[in-house]
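Asks: Protein sequence lines correspond, in order, to chains U and C. In this text, residue positions in the first sequence follow the numbering used here: the first is 202, and each later residue adds one. In this text, residue positions in the second sequence follow the numbering used here: the first is 202, and each later residue adds one.
Any given hint could turn out to be false.
Which copy is meant is left open, because identical chains are indistinguishable; a pair holds if it fits in one copy or across any two.
Straight-line C-alpha distance at most 25 Å; calculated DSS-like pairs for lysine-lysine [as the list claims (entries may be wrong)]:
#1 K340 / K301
#2 K302 / K336
#3 K302 / K233
#4 K280 / K340
#5 K208 / K301
#6 K203 / K324
#7 K336 / K299
#8 K290 / K233
#9 K208 / K299
#10 K299 / K324
#11 K299 / K281
#12 K340 / K203
#13 K208 / K324
#14 K299 / K276
#15 K230 / K280
#16 K299 / K203
#17 K226 / K208
#18 K340 / K233
#19 K208 / K233
#20 K226 / K336
#21 K230 / K299
#22 K336 / K290
#23 K340 / K276
#24 K324 / K301
#25 K230 / K336
#26 K324 / K276
#27 K301 / K276
#28 K302 / K324
#29 K230 / K203
#30 K208 / K302
Because the hints were derived from the structure by calculation, they are not lab data.
Protein chains: 2
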Amino acid sequence: MKAANSKYCQCMYFTSNALARKMEKLANKSWKRVDLTASHAYLLMLVIEEPGIQPSTIVEQLLLTPSTITRLIEKLEEKKLVTRTTEGKLTNVYPTPKAKKLLPELQECLNHFYQAYSTILGKEESARMAGNINKLIDKLPV
Amino acid sequence: MKAANSKYCQCMYFTSNALARKMEKLANKSWKRVDLTASHAYLLMLVIEEPGIQPSTIVEQLLLTPSTITRLIEKLEEKKLVTRTTEGKLTNVYPTPKAKKLLPELQECLNHFYQAYSTILGKEESARMAGNINKLIDKLPV
DNA sequence: TATTAATATTTGTATATACAAACAAACTAA
DNA sequence: TTAGTTTGTTTGTATATACAAATATTAATA
Numbered sequence: 202m203k204a205a206n207s208k209y210c211q212c213m214y215f216t217s218n219a220l221a222r223k224m225e226k227l228a229n230k231s232w233k234r235v236d237l238t239a240s241h242a243y244l245l246m247l248v249i250e251e252p253g254i255q256p257s258t259i260v261e262q263l264l265l266t267p268s269t270i271t272r273l274i275e276k277l278e279e280k281k282l283v284t285r286t287t288e289g290k291l292t293n294v295y296p297t298p299k300a301k302k303l304l305p306e307l308q309e310c311l312n313h314f315y316q317a318y319s320t321i322l323g324k325e326e327s328a329r330m331a332g333n334i335n336k337l338i339d340k341l342p343v
Numbered sequence: 202m203k204a205a206n207s208k209y210c211q212c213m214y215f216t217s218n219a220l221a222r223k224m225e226k227l228a229n230k231s232w233k234r235v236d237l238t239a240s241h242a243y244l245l246m247l248v249i250e251e252p253g254i255q256p257s258t259i260v261e262q263l264l265l266t267p268s269t270i271t272r273l274i275e276k277l278e279e280k281k282l283v284t285r286t287t288e289g290k291l292t293n294v295y296p297t298p299k300a301k302k303l304l305p306e307l308q309e310c311l312n313h314f315y316q317a318y319s320t321i322l323g324k325e326e327s328a329r330m331a332g333n334i335n336k337l338i339d340k341l342p343v
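Produce the complete structure using the sequences and hints provided.
Replies: Set out below in structure tokens:
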């Protein structure tokens, strides 16, 4: 059935979650070739771009909670894609050589994903929607 | 940090998921007084409105997978809010008296939630966004 | 300096959701 | 009628995420 025919199609809880689930699915498909979920991949790209980045910064960038970030990092550590060092209360996350070597492929996945949804939704349409959604996010309480 | 300042703020994966998380949080707050999560509440309202509704219909209405619907129903059954009967391969879900008595309060929660986000986002703005998001959902692959 | 408060991170635990497989029933076609 | 296929639902299992509490460290203040 079409979303627009659901009893709840006017409800932002319903629509935003349904959209997120579909996007997540589409994204994970794009990153499957590197055997990562989208959120792991985004985190990893942040780490490669800014070696030594701290979990708290990642929290801000990804709008996820600290505990979730810890869990994501743990997973990437298991996969030997990042390492962690702790000095006092601060932690730094670094990409491994394996991760650095993976970067071009990660970027291809990212492009593939952008391609995938902008083919479906249209390039301007997607950009406009992303902008509007950001505005909503920033208005909603933390 | 503002979503619009994230490195990934132009990515629909990032924005749609971030919005959904915030909406979910806001919604769950509204339904807390009846001790239900938003998805349980929406399912329950469907069942009250259409007693005997089948899981497959609920799947269509909520755009969730069959297994998720089974799990949500199980939870509501534990809480003595719905009952299930099975005839052949079909299952019917009925509200209990307890659930029916809860209906007005459920509707208040729903109103409270609508109020909450349309106060923040604006009534027209929200309606327009919901419409646009529905369009996106329907374009994306199942 | 000693005590308190704030900050950064991790852990324990709970939750919603999904996928794949299992199962049961109903339909179809030979 | 029987074999095969489709449909509806449930189970087993895995995952991402969050909340609350624990821990450790630094900063502030009295």
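Asks: How do K230 and K203 come out at 25 Å by Cα distance, when the copy is not named: within, between, both, or neither?
Replies: Classified as within; 22 Å inside a copy, 28 Å across copies.
Asks: Is it within, between, both or neither when you check K340 against K203 at 25 Å Cα-Cα?
Replies: between (28 Å within a copy, 9 Å between copies)
Asks: Classify it for me, K226 with K208: is the Cα-Cα distance of at most 25 Å met within a copy, between copies, both or neither?
Replies: both (23 Å within a copy, 21 Å between copies)
Asks: Pop the pair K208 and K233 into one bin, within, between, both or neither, using alpha-carbon distances up to 25 Å.
Replies: Classified as between: cross-chain Cα gap 22 Å, same-chain 34 Å, threshold 25 Å.
Asks: Could you place K340 and K276 in one of the four classes (within, between, both, neither) given a Cα distance threshold of 25 Å?
Replies: neither (32 Å within a copy, 33 Å between copies)
Asks: Check K230 against K280 for me: Cα-Cα at most 25 Å, and say if that holds within a copy, between copies, both or neither.
Replies: Answer is within: at 19 Å inside a copy they meet the 25 Å cutoff, but 37 Å across does not.
Asks: As a check of your reading, is K302 near K233 (CA-CA no more than 25 Å) within one copy, between copies, both or neither?
Replies: This pair counts as within: shortest intra-copy Cα distance 17 Å, inter-copy 47 Å.
Asks: Treating 25 Å as the Cα threshold, decide for K324 and K276: within, between, both or neither.
Replies: Result: close neither inside a copy nor across copies, 33 Å intra and 42 Å inter.
Asks: Within, between, both or neither: how does the pair K340, K233 come out at a Cα-Cα threshold of 25 Å?
Replies: between (33 Å within a copy, 22 Å between copies)
Asks: Between K226 and K336, at a C-alpha cutoff of 25 Å, which is it: within one copy, between copies, both, or neither?
Replies: both (24 Å within a copy, 17 Å between copies)
Asks: State whether the alpha carbon distance between K299 and K324 is at most 25 Å within one copy, between copies, both, or neither.
Replies: neither (33 Å within a copy, 50 Å between copies)
Asks: Is it within, between, both or neither when you check K208 against K324 at 25 Å Cα-Cα?
Replies: between (30 Å within a copy, 19 Å between copies)
Consistency note: the structure conflicts with the earlier hints numbered 1, 2, 4, 7, 8, 10, 16, 22, 23, 24, 26, 28.
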